[in-house]
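With the hints as a guide, bring the two chains together.
Just so you know, the protein sequences line up as chains A and B, in that order.
Under the numbering used here, the residue at position 450 of the first sequence is numbered 450, and the numbers go up by one with no gaps.
For the numbering used here, count along the second sequence from 1 and bump the result up by 1000.
Any given hint might turn out to be false.
[Unchecked claim] Okay, derived cross-link-like pairs now, DSS-like style, lysine-lysine, Cα gap no bigger than 30 Å in a straight line:
#1 28/A - 110/A
#2 365/A - 110/A
#3 28/A - 367/A
#4 365/A - 1460/B
#5 365/A - 1163/B
#6 367/A - 1163/B
#7 192/A - 365/A
#8 367/A - 110/A
#9 365/A - 28/A
Rather than coming from a laboratory, the hints here were simulated on the basis of the structure.
Chain residues, written in single-letter form:
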Amino acid sequence: MENAIAWIFIFPLFGSVFVALSRYVNIKLAYPISVLSMAGAFWAGVETLRQAMASPNHEISYLLGGWTLDLFPRGVGIEFRADLLASLIVLIVLGVGLIVTVYSKIHVEKETPNKEAIYYSLMLLQITGLAGICLTGDAFNLYVLIEVAALTGYGLIAIGSNRAAAATFNYLILGTIGASLYLLGVGYLYIKTGTLNMVGIQEVIEANGLTDSATMQVAFVLIGVGILIKMAFFPFHAWLPNAYCNAPTTTSCLLAPLVTKVMIYVMIRMVLTVFGVEFSFESTIWVSWMPWLVVIAIICAAFLALSQREIKRMLAYLIVAEVGYMVGGVWIYNYYGLIGSIFHIISDACMTLCLFLGTGIILHKCKTTHFDGIRGLFSKMPFTMIGFFVGGFSIIGLPPTCGFFSKWYLITGGMVSGHWEYLVVLMFSTMVMVILFFRLIERIHLAVDESGKNLGKGHGDLGLSREQTRFDEAPLIMLIPLLVAAATVIVIGIYNQEVVNQIETFLQAYDLPTGVEYE
Amino acid sequence: MSLPIIVEDVRPLIALIAPWFGLLGIMLAGEKRANLRELITFGAASVQAAVVLSMLPIILGGSIIEFHIWQIFSNVPMLLRVDGPGLLFALVASILWIATTLYSIGYMRGLHEHAQTRFYSFFALSLSATMGVAFSANLLTIYFFYEMLSVSTFPLVTHMQDKEARTGGRTYLGYLLFTSLCLLLPALSWCYIWLDGGQMTMDFLSDTGKIGYFSETTQFALLLLFTFGFAKAGLMPFHSWLPGAMVAPTPVSALLHAVAVVKVGVFCVYRVYADIFGVDVLTKMNGQDWTMILASATILISSLIALSQDNLKRRLAFSTIGQLGYIILGAAIATDRGQGGAVLHIAMHACGKITLFFCAGAIFVATGKKYVSQLRGLGRRMPITMGAFMIGSLSVIGLPPLGGFVSKWYLALGALDRDVMWVVAVLLISSLLNVFYLLPVAVTAFFRSGDTEEEEQSIKEAPWPCVVPLAFTALGCFALFFWSDALLKLAGVTP
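Here chain B stands alone, though its shape is the one from the complex (with noise of 0.2 Å):
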């Protein structure tokens, strides 16, 4: 394998770097002066769309770009680091940011909510540190950015200041810090001291599968550790954070617990696994079956548990762990077509999925509805919400033409190339789970009448910042299936 043209560019600190200018301005517009606040936001987000944007013709052409920002050990650089999957990571994460914007505006102003510079601002912070993880080149510096996400994002959680909120910050920060202090602190200390004469540098290019020097329990033990420390990747038994982060605002449960927390954590250990580990050891060591059992266990176990919930955004909640079960095991099956197809996973997942938060959300600013036995009627009168809910669903179910397909076609067939079957019928039935737990919400709205007639006379569609986006996104889902060409080069695998 011919190593890539490496181009040196500042534009991936660039990328990092917009949201803190945001941030500045934010703070500095205060809730005086909201439309400025907005404005500012929307600048810093446009920013680091546009900057990413214009990263991709350089990718595509094949080369990879680095920045390096400055030395954490004598060994170890802080460095930056854009190729395909982080690109495409990143693309995803700041373009959804934009809409996610417009959607505040909406569901923020709806609600009248409180302290809505501090969300506006730690928001920003959010994005950069998730800018970070896309384009980190070590796992060292994937940590740093990764343990800022977590701190950043413990204001949006508990947005509300209530005892609710506190509960949910106290689950979400316990079981984060614990597994990234306890669990990822050790191994990564481990690998660095012991690998390659101390050094080692971790590097995902240049340092794949040197983890295989270590004797097969070492290395069984850290894939372990690895695994369950980014619990950000909503792994069972670590993933009650996530529907205990659901108390946060609809925007955050939507673009940080649909897209860029959890995304950020199965990203890592896609990283770790197809970076760290590679491909080749990872099909060599014996108890590399036991990281797919737990992410199939995963996936239909969270399936089974978002068919029982009422609440809709914890049944999102399920759900999304359930996806992200999928992602890990792509990575897991440790083919090239498996670990694009985790790739392509995030991407569409993430459009899917942020479609079915936005309209949750907007339902909920529409009628204060929360629960899915309420929804009985309201495709009538809130059609375009329901229908980018249904098309949401479908993307996510994965069923052509929409996003959601192509990523579980990938799925399918790195599980074949492998030589695996009972992954294929583990992807098989949780479709089927999928099914159901996702299109009764639909159908109830369409096609079951609401109770009284003048209770539904009074319903009608949620703010405009609230709708466009939400149908931005659904429409997203299909642009996914028709342009996914450029995804699939930039995951790494050819059609």
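The shape of chain A in the complex, shown without the other chains (with noise of 0.2 Å):
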């Protein structure tokens, strides 16, 4: 299969054309078309990182519209390239995005209404959108997919209750300014380098030694700013709780594991491929401060996340933190350091989705995802709860979930390149996350209240009616894509050196201190 790379935009583009048509034909088309187009957009995805694997240079590009780089420069057409790092992620973004689609069912029809047409075609689009942004070679180009996320994530997030607008708006606004900002970058890029592509730019930069101009100094800072405000890096972050809490159920479950990820991919992208490590880590004073900002980050995500009482709102802060981690993954300016990032973008996505599905189960079973509503669920749900938790445990980072191991290269940076406050930040976050899954699981497996007083007498009596605590698990269609991500969470713990393998490849092309001086 050679164009690989396109299908994995023409399956959901198309898809998304036919599910929005569905509703003039029978509605019930939508969920099958949807599934349907994510597993072909599946399939393609695995393919285009087969293929970057087998390629000798390790990495495959396609020329959108038949161009060829014979007859044009770089930057007259758009480019799509997929190396290892981009045929990872967008691996990972098309596998949440199916088990997603197949976990939806009963939510949108349930939450939306006679919108399921609407909903599937905004949530197909949605998917474009972030793969397009893992695979585009233009620095523009990435802007139009940001958008074209942005507006449809918007659009599946305002779908919701009526408080949804409100959120909507918020996020509206941040995501607005963040992608100005990302535009305006670009234009000074432009206006500098005189080419849009990617490895374009880096190749102007580095054969004319753009590394001093002032004028790439505030490209860089608006990039860099935009970035970090469209994946909510704390401050820029009052966006992202209220936008997820309020939406309907897939949505949160698809944007949370989601765009956050995808925009650190961009930061990566950014700092790596067109602005270069030279310019970016050298040239720029972020390096200093970077690092410090990221431990204010994580401190303050991990005490918003504590003082939550709701489990979708205590997710989505401690979705702020982990941003914090790739983010200092990277800017501590070291190898592992970023290994760790990359294997973070994947494990942290694996395991958000695991946390989001779980908790719409609840949610679907008990009305509520506040603290008090789940007293002894484990005798009500034990599957669901075991797959809640194996997201839980992963984000701890206890072996063997991925989350140790990616945790375990991002501790090693921080070692190696002497940012020991990065390290006691990790550790100090490590601890709060125990905290917050011990005490779901005291809440779950104890059954405690607020006030800390269990209700009943011990001895099994748990102060829960019979009815509570009646074995009564949630439907197969949602149980099975939580149970299967929960697995996928371990397998990418077990194979974690096939995944590092291939980002260790792509990171080889970049000159990186390891920081690890043998004798």
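Structure, rendered in structure tokens:
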């Protein structure tokens, strides 16, 4: 299959059109069409990764519209490039997309009745946008795709309850500011380098020694801050919790694992590919103060997460903290840190997916995600709880989940680069995660309530009615995606070497310090 | 030193997986078929013990067994290896699991406990993790099983599901996860990345002493991080989780908090001292005396605290902390006989202390009494239980002809080899303290009469599934003394 990279877009893009049209035929068709097109896209993603791994320089390039490099200079047309990093991340995006689409059926029918067609259409477009962000090789095209993902995201959130509209407005304002800053930065880049192609920009920077240029500095700051806003880096996180908590369940399941993670991918892409290691780390001052901002971000996000009494909201703040992890992994400027950062994008997507799918099921069954509503759930839904806590243990970083391995590389990076403050804050937030999840386990297993008093008398009497503890598991169409996600968390952990090998191959093209000097 | 012959064999993995099949069977049998469920637990425990036993001749013959599971990192395998100390530990844990299963049946049914299926399931999981620790061949493998044990024992500690259980569970996980995630993980990461050009596997056999390439300060920092990081070893000041965990049902306290969990902790510390640092590096280190001082302080302080405890299980818990201190002390002495004594003490103390916990549980089942001061006159009504308690006490104190004597003897010999007389003094003083806090329990029971005649008449021995195991382990204390030759050989000391 030669054009696998194009099929990644064709499936969801045309799928979304068909889904939108299905309301005129039979609205029941929307779900199967979406699942089928996501399955197709996922298959194309696997194929792309396979091709990228097989090709001699570990990347495949697809020139959209048939322009050729020997007739035109780079930057004339749009180029899609799938190197190992891009194809790994796009595979995760498509995988998460597929699982969420399968999972969505009951939620979408219940929460957005009669709007299924429009909902699934937006969802497929969202995935198209996110996948495009990963694969595009063009800085301006990236902006377009960010906006595609953002606009569909606003739609997906606002389609829910009334409160969602306000949250969406907030998100819209901040998201637009972020995207505009990015666009402005790209403008500066174009002024200075005369091209929009990512590799082309890098070539011009290197050929003309633009590392000291003030214009480039401005471009870097604009793009950097724009991306930080889009990825909800503390203190730009305000849009995220409200948007994800008031959105329809499926929306938060789709956006939470992907949007922030894809934006971190964009940051890594900008730092490594567009501006280059030399410019980003040597010529800017970001290296010296970003690690400290990360420390502040993680600490604040951890405390905010601690103060929540609702699972969804707690998870939203957890994501903000995790964003801090990954940004830190990049800016400690170290080979191992970057491995950790990239690996964490993958593992965080999987574990957040686990947690949000589990939360969705809790919401479906208990009508609430408040801590008091989940007492004694373990006897009611053991399988859901197992799936949920596999995600939780991965966030804590217990082996052999994938969260352990990404944290391992982040810790190593912090240590060898001498950024002890980053190491300490990682440890701190790990302990906060332990508290967060074992507090939930106390609610679920021991059935203690908010005041800390157990309403039961011990010996199995948890003060719950028979109704509350009777085995009542979620429908299979929700449970199976959750368990698949949980299994993925463990499988990626066990086969972490396969993933890390690809990341290492990708990073070898860049001149990064390992920080380790052996005698 | 010639390297031992390495035999590739799947048996360590079977010992590790047997509890998982047990778990599956236990869950399928469920609460409704309780007898079948207990039979499955017995089956899993017996298979495990038989497999471990079957490896004994190979190890005594001087070979070691290895089995490769998967590659954790490209250069670090998850490798199982059975050597002398590992097999000794595995033997103790798996044989005592059988005894504890029988005991649990008596205890849990005697008290009509709830959620017994969950109890037996997680018990099986814990034993799997324990086998993993015993058979780990490198530091990362041991870490994986160590964490698995922390998580799988949490539902057991909080079994009662009341407020007390919540507090105990919080302390338990708080201490264990804080130390393992915040102290141990950075230390591990540091070793793996810096040593040997990043090609380090931290293997217990082939990488002993490589840590000596680090600067003196780093070595000392790592030593402390490892010593405190394995908080299951109960070294002060990270010991409070153990008394907290006493809220668990007694079989859990007996097997896990006298044998499996705490012994996993000291076994890990022993591995670090003996097989990561190695005798040579340890004796050359300046700061190394500190580990001996810490262990000695733990021994003495915990013994003093134990003196003041009236709750029998808490008294035993502090006694355990002290006895764990012996093992760390033996490993820290860094002589062959001292470290051999430490390994022996894992077995000897396990057998003695599990007897004491079994007795405490049996008393609770039979009379509902938890405090030492309530035990007056019990000796006449429960002669087997209190007799076993006496034997267990004497073994823990370290009198011949009981197992506890042998290990203490070698600890003292090890201290003499290193020429640290104050360690010998600590051993003597603490033995005296042991006498003070253990013997009064049995003495009160036998020689003081109870409050009223009728109350005394109504008391009789606990159900037989409780009594048989404790008699068995009490006799085991004798057996360990008379058959200590094989154990000495496993521990790697020549008599």
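Right, here's what the structure says about each hint:
1. Using a Cα cut-off of 30 Å, the hinted pair residue 28/A and residue 110/A holds, with the two alpha carbons roughly 14 Å apart.
2. In summary, the hint linking residue 365/A to residue 110/A is supported, as the alpha carbons are separated by about 13 Å, within the 30 Å threshold.
3. Only pairs whose Cα atoms come within 30 Å are accepted, and residue 28/A paired with residue 367/A is accepted, the gap being roughly 25 Å.
4. Between the alpha carbons of residue 365/A and residue 1460/B the distance comes to roughly 50 Å, so the proposed pair goes past 30 Å and is violated.
5. Only pairs whose Cα atoms come within 30 Å are accepted, and residue 365/A paired with residue 1163/B is accepted, the gap being roughly 27 Å.
6. Of the supplied pair hints, the one linking residue 367/A and residue 1163/B holds, its CA atoms being roughly 27 Å apart against a limit of 30 Å.
7. For the hint linking residue 192/A to residue 365/A, the alpha-carbon distance of about 56 Å lies beyond 30 Å, and the restraint is violated.
8. Our distance criterion of 30 Å between C-alpha atoms is met by residue 367/A and residue 110/A, whose separation comes to about 12 Å.
9. For a cut-off of 30 Å, the pair hint linking residue 365/A to residue 28/A stands: about 24 Å separates their Cα positions.
When each numbered hint is compared with the structure, violations occur for hints 4, 7.
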